[in-house]
Amino acid sequence: MDISTKSDTAPPPPPTVVPLEPGSRRPSVRLGDRIFLGLSRGSGILLLLIMAAIACFLAYRAALVLAKNDGNFLTTFEWEANGDPPVFGIAVLAFGTVVSSVIAMVIAVPVAVGIALFLTHYAPRKLSGPIGYAIDLLAAVPSIVYGLWGVLVLVPHLNGLYGWLDTYFGWTGILDWQGGAPRSLFTVGILLAIMILPIVTNVSREVFRQVPLAHQEAALALGATRWEVIRMSVLPFGRSGIISASMLGLGRALGETMAVATVLSPEFVIRTSLLDPGGGTFAQNIASKFSEATVQGQDALIASGLVLFVITLLVNGAARAIIARRKEYSGANA
Amino acid sequence: MSHAATTPRPKSLKTARLPRGSAWGIALLSVLLGSGIGLLAGLGNKVQWGLLAALLFVVITYTAAAAVEGRRQARDRVATSVIWVTFVLAVIPLASLLYETVKRGAKVFDGYFLGHSMGVVADTEPGGGIYHAIIGTLEQVGLATVMSVPLGLLTAIYLVEYGRGRLAKAVTFFVDVMTGVPSIVAGLFVLSFWILILGFDFSGFAGSLALSILMIPVIVRSTEEMLKLVPNELREASLALGVPKWRTILKVVVPTSIGGITTGVMLAVARITGETAPVLLLVWGNSFINTNPFEGEQASLPLYIYQQYANSSGEGAAYDRAWAASLALIAFVMILNLVARGIARWKAPQSGR
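First to last, the protein sequences are chains W and D. The first sequence begins at 1 in full-length UniProt numbering and counts up one residue at a time. The second sequence begins at 1 in full-length UniProt numbering and counts up one residue at a time.
Just so you know, these hints were derived from the structure itself, not from any lab. Hints may be right or wrong, so weigh each one.
To be verified - In silico lysine-lysine, BS3-like type, Cα no more than 30 angstroms apart, as pairs: (1) D/K228 with W/K126; (2) D/K347 with D/K251; (3) D/K228 with D/K169; (4) D/K347 with W/K126.
My request is simple: use the sequences and hints to build the entire structure.
In C-alpha cells:
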C-alpha cells in the first residue's frame, strides 16, 4: 500500500549529477563528523596517556625513595622501608614471583592445552558448549575466593603430596620438606595454575578452532588416527597461539595478589627448597605491607610495583606481538 | 593381514577394534587392581590408589589396544584418555570451590546478613553483615562503569571506524598490553597520582579510578570485536543515503551490535567487581555505612572478605562471615555472567562469523 501510493504520487526525481571537482574526491567534512572523530581519537590518545602516566608516576615516586634507600634495591634481602634510612631490596620478591609463576605455567599449560583439545576435538558437541561455559565461570571467580578456597581445601590436601615428594625427591634439595604447613611457593604455584587455566584454555581453544579443516581432513584421509591428526596438523598450526596463550597466563600469574597473600606464609628469605614456607611475591608483598606502610614505605612498595609493571609489560607485549604476527598469516581476520 | 584371511566373510574391510565399552571395562579392572594392590601394599593414602589405578588404566589400554588394533591406535587411545584426564582435573577445583563456598557460606547467609553493617560488631562476635560492603562495591563499580564505558566505546569506535596508521596501531597495542596490567599496579598508580601527589584521601572514588583502568581495555577489546562483526553493507547503505558518518555510527553501527557491547560491558563489570587489590590500597575499608563514595573510607565486598578472613585465624564468626560474603560475591558475579551471555545469545547479530 505504502509503496504503491508513494510511487503513484511521487514520480522519481530526475537524476541530478553532482559534478565532482577534479582532484578533490573527499566532500568537505561536516562539523558533527569532526567532533565525533575528535572525541573518539581523543579517547584513544587518553588511553595512551594513561599508560604513560602509570609509568611516569610510578617511576617518580620510586625515584624519591630509591635515592634514600640504604640497601641495594636489587640484591638486599630485607624490607624495612619504614625505617630511617629505609633498607629494602626486591631480590626475594623477584625470586618468589618468578618461581611461583613458572611452577604455575609448568602445571597449567599442558592441562590447558589438553582441555582446549578436549573441547575442540574430543568432547561431544552438546557437551563442549556448557563445558566451555564452565571454564569461563572459573575465570570469573574473584581471586580472593580462590585464596580462601586454597587455604581451606588445597593446603591441607597438599600434605600428602609434599610428604611423597619429600620421600622420593627430597635428595634434589629443591623438593626437600622440613614439615612446616604447606603454604610455600610451590602451593602458590599450584593455586596460580588453577587460576590461569581458563585464560590459557580460552586462547588456545580459539587457535585450535582456526586450524583449517582441510589440513585435518587431509590427514584423516591418509588414515591418520585422531591423535595423529592433532600431532601433525593441529599442534603445529597452533604452536604460536599456545605460546602467546601461555604468556598471557604468565602475565596473570605474575600480578596475582590476593590469592597469593592469603595462601603464602611470607618471610623475607630465599629458601632453596620450594616446599618450605617463606618467600614472597611483588604483589603479595605490596598487599600485606601496605597497611603498616608510612608514605616512605608506600613509595618503596610503589618502586617494587614499578618493577612488576615493567615485567608484565614485557611479557604481555611479547605475547601480543606473537599473536599479531600470527593473525597476518591466518587470514581469519581478513 | 592374517586376520582378514581367517575370517570367513569378506566383510572385514574394517580393521579389528576393541569392543565398544572396553574403556569402561578396563577402567573398572584397573580401579579394582589399583585398590587391591594398594590394600596389599598397605598404602594408606587413597590418592595413591587412584594414581595406581590411573597408571594401570593407561598400561592396560595400551597393551590391549596394541595387541588388537596396532601401535598407532593404541597411542591414539592413550592420548584420548590423557586428554579426558586433563578435563577432569580442571573440573575438580571448580566443583570443589563452588561446593565449599555454598556449604560454608550458607551458614550465616540470610536477610539479616544482607541488610546490616558491621558497625558495632567486633570481629569475634557473631552477627553483623555486608550491607555497607554491598553499598560500597555498587558505588565504586558503578562509578568505574560510568567513567569507562564512554571512553571504552569511543576508543573502540575510533579503532574500528576511523583507525588507520600509526596512532591506531599504537592504541591497539597498548590496549592489549593494558589488559595485562596487574590490578595491584593500577592501584599503586592511583595511589601515587591521586593520593600521594594530589593529596586526596582514601575514598571509594579513588578505588573506582583504579577499577576503571582495569575495565577500559576489556571494554575496548570486546566492543571492537562486536563492531567488526557489523557487515560493511549496512555502513555503505547508510552512507550512500547521504547520512553523515557519525550518525551512521550512532544510528546504524552501534545499535546493530548493542547486544554484544552490553555483554562485553557486563563481563567487564563482573571482572572488576571481584578485584580486591586496588580497593585494598585506595578505599581502605570501613565497618560503618558510608554512602558517599567521594569522601571518607568505604567498605567493599571483596575487601570485606579479605579483612574478615585476615582477622579470623581460620574459624569463628568472622571466618563464617568471610565465606558468606564470598557466596554473595560469587553469586553476584555469576548472575552477571549468565545474564550477559543470555543477552549475547538473544541479541546476536544475524550474520555469522
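The hints, checked one at a time:
1. D/K228 with W/K126: 28 angstroms, holds
2. D/K347 with D/K251: Cα-Cα ~17 angstroms, so holds.
3. D/K228 with D/K169: This hinted pair holds, its Cα atoms lying about 16 angstroms apart.
4. D/K347 with W/K126: 22 angstroms, holds
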